[in-house]
Every structure is written in structure tokens, then in C-alpha cells.
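Colleague: Given the structure of chain G, go ahead and fit chains U, D and V onto it with the hints provided.
From first to last, the protein sequence lines stand for chains G, U, D and V.
Its first residue numbered 0, the first sequence is counted upward by one per residue in numbering that gives the first Met the number 0.
Its first residue numbered 0, the second sequence is counted upward by one per residue in numbering that gives the first Met the number 0.
Its first residue numbered 0, the third sequence is counted upward by one per residue in numbering that gives the first Met the number 0.
Its first residue numbered 0, the fourth sequence is counted upward by one per residue in numbering that gives the first Met the number 0.
Don't read these hints as lab results, they were simulated from the structure.
It is possible that some hints are incorrect.
Same chains, same label: a pair holds when it works inside one copy or across any pair of copies.
[Said to hold, decoys possible] Using 27 Å as the maximum straight-line C-alpha spacing, the simulated DSSO-like pairs for lysine-lysine come out as follows:
1) Lys5 to Lys126
2) Lys97 to Lys5
3) Lys37 to Lys134
4) Lys80 to Lys199
5) Lys139 to Lys170
6) Lys5 to Lys80
4 protein chains.
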Amino acid sequence: MNVIDKLIEHFRRFPGIGPRQAKRFVYSLLTSTDAYRKELSALILELKNDIAVCQSCFRFFAVNGNGKNLCAICADPNRDKETLLIVMRDVDLENIEKSHVYRGKYFVLGGGVPILAENPEKNVRTKDLLEIIKKMSALKEIVMAMSLTAEGENTEEYLRSILSPLSSERKIKLSTLGRGLSTGTELEYSDSDTLKNAFKNRS
Amino acid sequence: MNVIDKLIEHFRRFPGIGPRQAKRFVYSLLTSTDAYRKELSALILELKNDIAVCQSCFRFFAVNGNGKNLCAICADPNRDKETLLIVMRDVDLENIEKSHVYRGKYFVLGGGVPILAENPEKNVRTKDLLEIIKKMSALKEIVMAMSLTAEGENTEEYLRSILSPLSSERKIKLSTLGRGLSTGTELEYSDSDTLKNAFKNRS
Amino acid sequence: MNVIDKLIEHFRRFPGIGPRQAKRFVYSLLTSTDAYRKELSALILELKNDIAVCQSCFRFFAVNGNGKNLCAICADPNRDKETLLIVMRDVDLENIEKSHVYRGKYFVLGGGVPILAENPEKNVRTKDLLEIIKKMSALKEIVMAMSLTAEGENTEEYLRSILSPLSSERKIKLSTLGRGLSTGTELEYSDSDTLKNAFKNRS
Amino acid sequence: MNVIDKLIEHFRRFPGIGPRQAKRFVYSLLTSTDAYRKELSALILELKNDIAVCQSCFRFFAVNGNGKNLCAICADPNRDKETLLIVMRDVDLENIEKSHVYRGKYFVLGGGVPILAENPEKNVRTKDLLEIIKKMSALKEIVMAMSLTAEGENTEEYLRSILSPLSSERKIKLSTLGRGLSTGTELEYSDSDTLKNAFKNRS
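Just chain G, same shape as in the assembly:
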């Protein structure tokens, strides 16, 4: 296998990239400048040097060489310490933060628990989550903020199983995001789960 084929194989592991587009990437690299390729190669190599995992919420953040181990959100003393919102991935946290609806703390699981996973604790940061919760003495509510997909619902079920004892013991409310109509939902085309949730959660 030559370097073109090897590179195609590597790009195919990028999310959503098939063999045809992977090949296009390689050809675009072949016609790009030496400077661009050198920079890209260096950035990929350095990526983990300059990026750390926040020791509180566990999302990735740029350390900027100042030795910090907390991201900007976790380092902010004004965030509400009574609520912890758990998401599956960094991008979920980013989208929620962008919407300005939440001012508490976060925790990033680093993934979801697939249906039928034999060892769920290998898919998500279970141990880190439990330790963080132990340290949050003012905690009053944990929001499980999962996508309403099969993976998300399975992850929520797993979280509920490991957080329930702790929730009872410390009197911490365990909540999930509200369900019902989302922007653009038309009743004519809604599935019965959405209608059921929308009716049950009417107000």
C-alpha cells in the first residue's frame, strides 16, 4: 500500500468521510503548498501538547502554556455550584453554552453508552464523574442532558443507575431535559412518543 492509499485509509476514520471524499482530501493535499502541509502535519502532532483535559468538567481546552488544569468555564468563580449538567460530548457542552440558558457546572462523559454495551463504564468517564460529584459539596441538582436518541436514552438509563443511590443519600435532585415539541415540530408529522411527551408535559 503506497502513501496515497495509506493516507486515504487514515482520512476514512474521520467522522462522516467515505472513500471517495478521503481520496479528494489526499489529492487536495498533493496540490497544496509545502507550507500548508507542514503546518497541518505539525498541528496534528502538537494537538495534544497544547490541549489538556479540564480536571473539573473533563472537556478539552487550550492550555496556552500557562500550566492551568481548568478550562475557562470551570475556572470562572461566578458559575452556580449547585447544579451539574452532564453531557455526552464536548460539542454538546459548546452548543448549550452558546445558547446562554445555563450558568452552572458541566461534566463531559466523553461519549455515550451504546445499546447492549457490556461494560458501560468503559464508554464514559464514570469514575471521574463520581469523584467530581463527591467534591461538589454544594450540589443540589444533577441534570442529565442527553440527546433524545437511542444512544442518549441508553446513556441516561446508565447514569440513573449509578447516580440514584448517591442522589437519595445526599438529597440531590436528578433531572433530565424536558421533552415535547422542539422548534419546527408539526403535529401532523410527529411520532407518538413526541406527542405523548408533549401532552404529558403540557403546562
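Modeller: Positioned in the frame of chain G, the structure of chains U, D and V alone reads:
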């Protein structure tokens, strides 16, 4: 304009049909059997003879020549008379009914109130709605079940304005469908309104 | 089955219409004016009265009560009588005529011959075609203008089998439309048949 | 700008990649193994070391450290030396080669000439093309194999202008790919250029 062109014009008024598809309809009629065309023509002509508007929920229903003026749902004595669910269109009612989440009474507005409509009462059955509510002595809750679209939200706002006085006076709860994540919603791609509702309505 | 369900069944036979859209058609009719429904019903019934099949090219045309049995194209004395172009459907003829590339005579087969059809002559106007060709004494070329689809290729093969003897006998050229790159074709994404034709037919 | 943002910027230059997908690429790298990132970084850096431009057809090929300067096609003594097929890009050559319709020599322009380009010779390998043609003493035909797009047609026009004198002088046939119906083309929906070409190139 010949009969083909006239028929194309008529089919173009069907929802979602452009000139090209309207023409295809006409050509398919030209090659169909005489029997099929006669039946289709007769069914269109008879449509309103055999279909009545239910005098309770105002949806269309087949009378079957028995002189009834109530649809099967409204004629069912076992439906809960304490709740009235208002929808914009017949298809919304049908989809909710199919989901088996609701066992009360319905009212079909016959459309929605467009943004900036000058006379909203001309777009929806305001007068009929108020009369029906007057007759429902056991009524405890009115659910405004609108799609989460611009038209739906505007219609809800209009309904709220005409139903609020009556709701206060007779102590009838005025509710709307719950909002939040609907089936398939991924946090990464959600708009901020959906995230706001999902967070606000967490439970 | 009530009239609504019957009408839904009838609209489902329209090309490209599924049950959901058929139902939307019926509801849109229910809320349309009586006048519109009466006109639509009448137009469908009259369709075949005002429309005749041209006795030369066999396409549908509006007779306008003048007792003519030839469409405007076939009645035009200036069309080239040495060439006959055979298409599967009226819409093919219309699109070719709109492009102004052809000035000869047409023949509409009224459909295509499906793969594995047991009696091809039942799908297309074989007898009429042979009679028309017999009458065209000046004929020098027959163009088989089929879509480049499985049905089109099968129809062409069938036509070739029934026209070949006649073509040899009367020295009439039997041709098919050129094949190769069509507008927008990108070499990177072309299938090998297209590339083969494009290379073979280079000029 | 931190390393994540820099890397997003770099991935955005990949063909067809927007900011959202570029970000997904970066997060997928953050969660990939160190080994994978090191390999990817090294492959990008080495890409041009192991890949050479063929000195005959000018496409990219893997040299495999054997010091060759001809790709496998150009090194093959059995290819027909009387025909030269010119394509815009490597992927076009690959797709034609995969279809097994052509057994002659190739030349890759390295791009197309955009409409209104002021210096067309800067977009394509004009000088190399002319030198290669000069060396091909047995050459009898040059096939200009461009996509049937605005860029492709403009490139063909440019090629014709620079190759015509040479073609006349050396009696080399200058041809283009055939035009007409391509696989799947339906007459009903064809544009008039395609119909015109299909009719003109009938056979």
C-alpha cells in the same frame, strides 16, 4: 386555453403540486380508463354530500346517510368531558388520535392564524369555539395543541387572547403542549429555543 | 369505505402520489369552494371529449370542436416528411419540440416496453406505427428517441426487431439518439457505460 | 487563536468541508490514539516525498523509492502510442482507466481553465503538454476529455486554440468526447443542449 391546460391549472392548486407534476396528472388521466375517470369525477362532486362537519369538534367526517351530525369521537359517550384539545387542522387531530395519548374532546380550528393577519377570526372558527366551550359545563382544561411553527405560535397567542377572560371566569386551566427535546433531537445541533425549553422544562 | 377513503385511493393512482399526499389532496378539496370542485369534476369528465388522439402521431391534442383529427404539428405542411422520430410518451415529444432541434414528423408509442414483458405489442402502439410508416412514402430515416433507461433501452430493442425488416426493404435508415456526455456530466463521477459511449462517439 | 481553532481553519481548506465538520474532525483527533495522530501527521509530511509527478502524463504516483519517474501506465510498453487523451484532473484519469475503454496515453492538465481566466496557461500545464506532444512522434489523435461543465467547456476551447496549429501541421486529429444521452437520461427532463447533441449525434 384548452381542457388540458385548464386541468393543469386546477391540479396546481393541490397542496405541493407544481406545473410539471400537474401535467403528469393530466397525462395519467388521459391514459386511464373511462371508468376510473368517471368514478374520480363523481367522488369529487359527491365529496361534500357525504361528508359533514361535526357539530361538536368541527372536523370533517363521513355521514353514511344516517343523518348524524356528530363524528365517531364526539358521539362516543366514554370520552373525557373535562378536557378540550384544540388543533389547527383535521390531520393534527388524526395524528394525535392515532397516538392514543389523549381521551378527551377535540376542537378543530380549520386553519391557523398567519403572522400579521388583520382579522384572525376569519382564519379560524372563533365563534364556534366559544359556543362549544359555553356548552361544555364540566370543562376543566383547554389544551392549545399547535405545531411549534411561526403560524402555530401566532395561533396560540390569538387563542390565549380570546380564551383568557373565559378561563379566569370559569376557572378553566389553559395549557399548551410541552416543549423540549423531540424524538431524534441531538444536543449538538439544537437551536437555542429548543435548548432553553428543554432546560426550563427539565424534570 | 367512505367517500374520503375512496377518494384517497383514487388519488393514490396519480403518478408519484403516496397515501399521505393523497389525504392532503382530499382535505384541500374539502376546504375548497363548491365552484372549484364542480369545475374540477367536470374537467375530469370532459377531458376525453375535448381531447382526441392525433391520427398521425397519436399524441393527445385539444380538438376545440372543429372535428379535426390531426394535431397542430401533424397538420403543419412544412414539417419534413423524410424523418420520423419515435418517442415513448407525449411529454417526451413536448420536450423535444420545445428544444427546436427537430423539424420532422413524430410518433408516440404511448408507453415503453418493460423488461421481460411477455407481449410487448400490448404496451406500445405497434400496429398503428407500422401503418403510419407504410403511408409515409417519402420516409428516409426513423429515429428511435428513447430515454437511456432500462425501459427505454428495452423499447428500442423491441422497435429494432419489428422495424429492421421494413428498414432493409425500403432502404430507410434506422437510427438512435447519440450517447455520451450530457449537460453537467463530470468525468470523475461517470459510469463506465457513459465513458464508453463518450469515447466511442468522440468526434 | 489556539491549536484547536488553527486546526479547524486548516481542515476547512479540505474540499467540501465547512466549519462544523472541520470541528468534528478536530474532536475526533482529540479522542483518537497517539499512534493514529503520529501516523497521520507523518503521512501528510511524507506525502510529497513518496509521491512524484509522472514525467510523461503528469499525474501523481507512488515512486516506492525506486527512482522511477514514470507512472505504471506510462511505463507500460503495450499502451497505444498513437492516441493521447487529455484530462483535467488525476481523478478523471483514474475513472476512465477503471472503465477499461481506453488503451492509449494520458496527459493530466492539473486543473481546468475557469471562465474569464486572464492567464489560462497558469491554470493548466500548457508548456509540459506541448513538449510531450512534440516528443510523441507516432501521435495520430488527441482526445480532449473534459467534463461537460462550464469549466470543462472553457478548458476545451483553450486547448483547441493552442493545439489547432500543431494539429494542422502534423496532421493529428483533434477530437472531443461524444455528447448525447448519458446513463439514466430521461427525454422528458433533458435540457435542450443535451437533446440537440443527442439528435445531431444520432447513429
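Colleague: Checking an output row: Lys80 and Lys199, CA cutoff 27 Å. Within, between, both or neither?
Modeller: between (31 Å within a copy, 18 Å between copies)
Colleague: Regarding Lys139 and Lys170, is the shortest C-alpha distance of 27 Å or less found within a copy, between copies, in both, or in neither?
Modeller: Within one copy only: 7 Å inside a chain, 35 Å across chains, cut-off 27 Å.
Colleague: Between Lys5 and Lys80, at a C-alpha cutoff of 27 Å, which is it: within one copy, between copies, both, or neither?
Modeller: neither (48 Å within a copy, 32 Å between copies)
Colleague: What label fits Lys5 with Lys126 when the C-alpha limit is 27 Å: within, between, both, or neither?
Modeller: So Lys5 and Lys126 fail the 27 Å test inside a copy (37 Å) and across (32 Å) alike.
Colleague: Within a copy, between copies, both or neither: which one fits Lys97 and Lys5 at a CA-CA cutoff of 27 Å?
Modeller: Answer is between: at 20 Å across copies they meet the 27 Å cutoff, but 38 Å inside does not.
Colleague: Quick one: Lys37 to Lys134, C-alpha cut-off 27 Å, is that within a copy, between copies, both, or neither?
Modeller: The answer is neither: 44 Å in one copy and 36 Å across copies each exceed 27 Å.
Hint violations for this structure: numbers 1, 3 and 6, all remaining hints satisfied.
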